[in-house]
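Undergrad: Residues per chain, in single letters:
Number of protein chains: 2
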Amino acid sequence: MDDFEFLSPTKIIFGRNTVEKVGLEAARWGRKALLHYGGKSALKSGLIQRVKDSLIAQDIKVIEVGGVVPNPRLALVRECIDLVRKEKIDLIIAVGGGSVIDSAKGIAMGAVYEGDVWDFYKGKIPEAALPIGVVLTIPAAGSEASNSSVVTDTDGEGGWRKLGAKGEAYKPRFAILDPELTYTLPAYQTAAGGVDIMAHVMERYFTNTPDVDLTSRLCEGVLKTMIQQLPIALTDPENYAARAQIMWASTLAHNGLLDTGRATDWASHRMEHELSAKWDVTHGAGLAVMFPAWMKYVSPKKTKQFVEFGNRVFGLDVDVYHPERTAREGISRLEAFFKSLGMPTSIRDLVEGEVTDDDLRSMTERCAINPDGTLGGLVKLTREDIYQIYKLAY
Amino acid sequence: MDDFEFLSPTKIIFGRNTVEKVGLEAARWGRKALLHYGGKSALKSGLIQRVKDSLIAQDIKVIEVGGVVPNPRLALVRECIDLVRKEKIDLIIAVGGGSVIDSAKGIAMGAVYEGDVWDFYKGKIPEAALPIGVVLTIPAAGSEASNSSVVTDTDGEGGWRKLGAKGEAYKPRFAILDPELTYTLPAYQTAAGGVDIMAHVMERYFTNTPDVDLTSRLCEGVLKTMIQQLPIALTDPENYAARAQIMWASTLAHNGLLDTGRATDWASHRMEHELSAKWDVTHGAGLAVMFPAWMKYVSPKKTKQFVEFGNRVFGLDVDVYHPERTAREGISRLEAFFKSLGMPTSIRDLVEGEVTDDDLRSMTERCAINPDGTLGGLVKLTREDIYQIYKLAY
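For the protein sequence lines, the chains are A and B, in the order given. If you're matching positions, the first sequence starts at 1 in UniProt numbering and goes up one per residue. If you're matching positions, the second sequence starts at 1 in UniProt numbering and goes up one per residue.
Hint data in this document are derived by calculation from the structure and do not stem from the laboratory. Errors might be hidden in some of the hints.
To be verified - Using 20 Å as the maximum straight-line C-alpha spacing, the simulated SDA-like pairs for lysine to any residue come out as follows:
no.	chain 1	residue 1	chain 2	residue 2
1	B	Lys296	B	Glu324
2	A	Lys11	B	Gly167
3	A	Lys32	A	Glu5
4	B	Lys122	B	Asn370
5	A	Lys224	B	Val318
6	B	Lys11	A	Ser148
7	A	Lys224	B	Asn311
8	A	Lys11	B	Lys11
9	B	Lys224	B	Thr235
10	A	Lys11	B	Asn311
11	B	Lys224	A	Pro210
12	B	Lys11	A	Glu5
13	B	Lys224	A	Lys32
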């Protein structure tokens, strides 16, 4: 078990009709809010109006900026930073899923920084940020309590560039989680969100750090819950119990708890980022393709980790004489589960349009982000390894 | 799944030699510290000096008050409140286990309250408190990140009175968890602490709230880890991995995470409090006696909960035709586990001196604390039920 520091300062307000509490919570943190959201569904459903009413009832001034898209854009973050400064906004309320929250984080740190916000996505650690409050509508990214923000620059040279920032300063001060808000999510988004949640857990679960039974078991608990609850939510979209457990799992999967004391491996996430930067695919759907490919490629070198996964997450008996069979079977079960959710199983299924060998090669180059030109930690992947995993996923 | 709010604002600093960080962390919160601790072992080991050195290196003035005893005393809390006011102390550093931290919490809320601190133990909710920092030496009570403080009034009419306060205001701002500090704990204290941790989890686990699979599985993960690691720590006291996992489990068991969205049942804890208020026994040892007695008494009415416990925590096959057998076997396994740790299995084993039937009756009266004169929630225990459980434990 490794040394660690852990602080999750986000106050969680969970349950039915908790949206009405946004004004009271927000009033602790500011007097003038940027109300940030995505597309028309939140407007049509009346959610934005409910949030606005609650804020205004607490005498909070509200300036709205909607239009955040999946794989949120750097250009909008920059625009909003200018607006926040001009209007002396002191609080950001993000209503949406990971894209809206990540965009809000960019604005929150950029607004109090003299340089260009993109610096943070290139590795600078933010020291301060405006306070953020969240009303969550999509359980997936876990951004409501995480230290990460992922933004896409569509104007860079050589195509889109999707990068992630890290920082404690912009962790949301509060997050409102009302499972009923997720009843109307399309099945594809429910499933893709579920895969994203499971990926966040698995990126922590597969590790070389010894003696981390406690957090391994917590990871297994979240994974088993997702495997149990996701099919219920897809069959019965208004099942409160399933929606609630998925929603709370999304936060716990990514608030830092599950990796306390253990090394993580974000290779699959990184490889997926290249896919969604290039073809604008849904992040979770991309993960449903990339994660099993990564597992198949690395498991022969890390049999124990994958035997434990098959045994504890899918309840497989351990074949002690042929442990590699248990490892492989666990991966097959996961792949079959993703498929049963309606997720794609290959890059060809995932992407509209042609993906060439040159595409795989150029994505490979962008993935090799370790200082020594590799990717990941469970197994350090060389460029050739990365390329082979893309081929496996193809 | 019930609605909930959850905020765990305690910064955890975990690992070897983290004690040296206490000064830096403390300097964020105050300039003059009450250094609060227990007996001579922390002095002899040099720990108090290390903490003092680290505080003084950050120009923090230090006033020491040691002498906190297990089942910490109200009288000392009151004395320290006077001292804190007189000396204008603005920060409390608690070095020890639950008793020292609980005493520090009493001081922290009492110092900023006009009335008598005992009011909080009689049910008043504190609105403010001085900041507290913790250097943990005994993993057990989970007080380093909990909202509770238990203090004993030895001067009350009718004998000792041990009561618990609840409040968010005094949750520690930071807690330093160095597993190496626990290497020298006597075996009895390691075991009793382990039982306390497991009890904290089980008081959350056994619930009537439906659809709480996620937190149930997290509870099971912590319990299984304790069952795995406690014997290792007892056999090999300097096993870092075991000590570390027990220490982190102690915090997670009681920081509020495991009861998010579910009703809890503190009947066993309450019944134990009467034992330790009367005979000053070690809290965890008392729980090792009271918890299985409570389980045996209530399990026939709540078979499903105890079947799940036996199946998932002890890996028992479910006897679907005779589920009560699986339920009973799970409880037997737990009792045998506590015994294997060297814990007492009956009140007679636990207490020095005679315990009369009148004693059981008078403890029963003090336990019936629900507004309707019952105790607990999984099964609402009447006075007769409570008395029968004490008899079972006797």
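Undergrad: Against each hint, give a clear statement of whether it holds in the structure.
TA: Hint check:
Distance check on the hinted pair: Lys296/B and Glu324/B sit about 11 Å apart at the alpha-carbon level, within 20 Å; holds. Among the hinted pairs, Lys11/A with Gly167/B is consistent with the structure: their alpha-carbon atoms are about 15 Å apart, no more than 20 Å. For the hint linking Lys32/A to Glu5/A, the alpha-carbon distance of about 33 Å lies beyond 20 Å, and the restraint is violated. Distance check on the hinted pair: Lys122/B and Asn370/B sit about 14 Å apart at the alpha-carbon level, within 20 Å; holds.
Annotation: proposed proximity of Lys224/A to Val318/B holds, straight-line Cα distance about 19 Å (limit 20 Å). About 18 Å separates the Cα atoms of Lys11/B and Ser148/A, which keeps this hinted pair within 20 Å; it holds. Under the criterion of a C-alpha separation no larger than 20 Å, the hint pairing Lys224/A with Asn311/B is consistent with the structure, at around 15 Å. For the suggested pair Lys11/A and Lys11/B, the alpha carbons sit about 14 Å apart, so the restraint of at most 20 Å is met.
About 18 Å separates the Cα atoms of Lys224/B and Thr235/B, which keeps this hinted pair within 20 Å; it holds. The suggested pairing of Lys11/A with Asn311/B is violated, with an alpha-carbon distance near 34 Å, which exceeds 20 Å. Restraint check for Lys224/B and Pro210/A: satisfied, since their Cα atoms lie roughly 17 Å apart, inside the 20 Å limit. A threshold of 20 Å between alpha carbons decides the hint, and for Lys11/B with Glu5/A the separation of about 7 Å falls inside it, so the pair holds.
Pair hint Lys224/B plus Lys32/A does not hold up; C-alpha atoms about 48 Å apart against a cutoff of 20 Å.
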